[in-house]
Each structure stands twice: as C-alpha cells, then as structure tokens.
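Please build the complete structure, drawing on both the sequences and the hints.
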Amino acid sequence: MRTIINFITAVSLIFAMQSCSNDDDCTPATLAITSLENEYGCMDTPWQMHIDLSEDFTIIRSQAVFDDLVTGTCMPQIDFEAFDLLIGKKGLTNGFDTINYDGIVKNCDDNLLYLTVTFVLNPTTVAPNATYHVLMPKLEENETVNVTIVVI
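In the working numbering, the protein residues as written are 20 to 171.
Some clues are possibly wrong.
Within a straight-line C-alpha distance of at most 35 Å, the following computed DSBU-like cross-link-like pairs (lysine-lysine) qualify [as the list claims (entries may be wrong)]:
#, residue 1, residue 2
1, Lys-125, Lys-108
2, Lys-157, Lys-108
3, Lys-125, Lys-157
By construction, these hints were calculated from the structure, which means they are not laboratory data.
Okay, structure coming up:
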C-alpha cells in the first residue's frame with residue numbers, strides 16, 4: 020500500500036512541476052516589424068494607400084487579398100511567405116506629423132499579440148482618414164493582433 024501512495028505522490032509531483040515549468044518558459048517577446056516603405060520603397064502610404072475600412076484594421080495574408088482590398092500608387096508584390104500585412108484606417112481631427120509603432124508584443128499572461136499605433140498630431144486643420152500599416156513575421160493561421168490607437 021505504501022508503494023502505491025509513493026507512486027501516486029511521485030506522479031502528482033511530476034505533473035505539478037511540469038505545469039509550473041510551462042508557465043515559467045514564457046518570455047514576453049517583441050516581434051520585429053517593418054513597413055512597405057522600408058521593404059518595397061513605397062512613399063507616403065498614410066495618404067497614398069487606401070483600403071475600404073473606417074476606424075478598423077485587417078490582417079492580409081496573401082497577395083490576392085492584398086490586390087483585391089488595397090489601392091494606391093504603390094502596389095508591391097509582397098513576400099507573403101515571410102510577412103503578413105496589418106493595415107488599417109484612422110480618422111483624425113487634425114493633421115499629423117508622424118505615425119509611431121511600438122512593435123508587436125507577445126504577452127505571456129494571455130498569449131496574445133499587441134500593437135500600439137501612435138499618431139502625433141499637428142495644428143493643421145486637415146482632418147485625414149489616414150492609413151497605417153506594419154509588415155510582421157508570418158502569423159499562425161488563427162493568430163491575430165490586438166491594436167490600440169493613441170492620438171497625441
């Protein structure tokens with residue numbers, strides 16, 4: 020009987036240690052991002068690239084979908100074997116000087132990906148519906164990114 024109790028205790032400890040070690044293995048990571056400007060030489064994408072969205076974003080995972088949804092002066096052949104394209108639109112009350120991207124962060128608490136997009140406004144009275152985008156490493160099929168927009 021004592022052997023059975025020792026065996027059950029040992030097995031329980033092994034399972035407990037494995038479940039704890041899995042939690043400890045997660046390290047928050049920032050995925051490298053780039054842009055159509057950097058990779059393909061596109062210019063002025065906030066104004067020259069268009070997608071039929073309003074206050075939303077989508078993740079494009081193939082050239083065919085890119086060609087169907089996006090219009091503009093720069094229509095590159097994107098390497099969708101290596102990248103996914105996150106693209107969205109944001110309506111602003113003023114013009115803006117820059118768009119900053121904090122990088123895509125993988126959070127260990129919920130195992131989700133997060134991106135913060137910051138629009139730095141200027142005093143001009145132009146109220147654009149600006150396009151923002153990032154090229155990111157290829158995601159898993161059902162993986163998505165939570166996007167937070169900050170306007171300063």
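Here is how each hint holds up against the structure:
Taking the CA atoms of Lys-125 and Lys-108, the gap is about 23 Å. The hint holds against a cut of 35 Å. Using a Cα cut-off of 35 Å, the hinted pair Lys-157 and Lys-108 holds, with the two alpha carbons roughly 21 Å apart. Between Lys-125 and Lys-157 the CA atoms are separated by roughly 14 Å; this keeps the pair inside 35 Å, and the hint holds.
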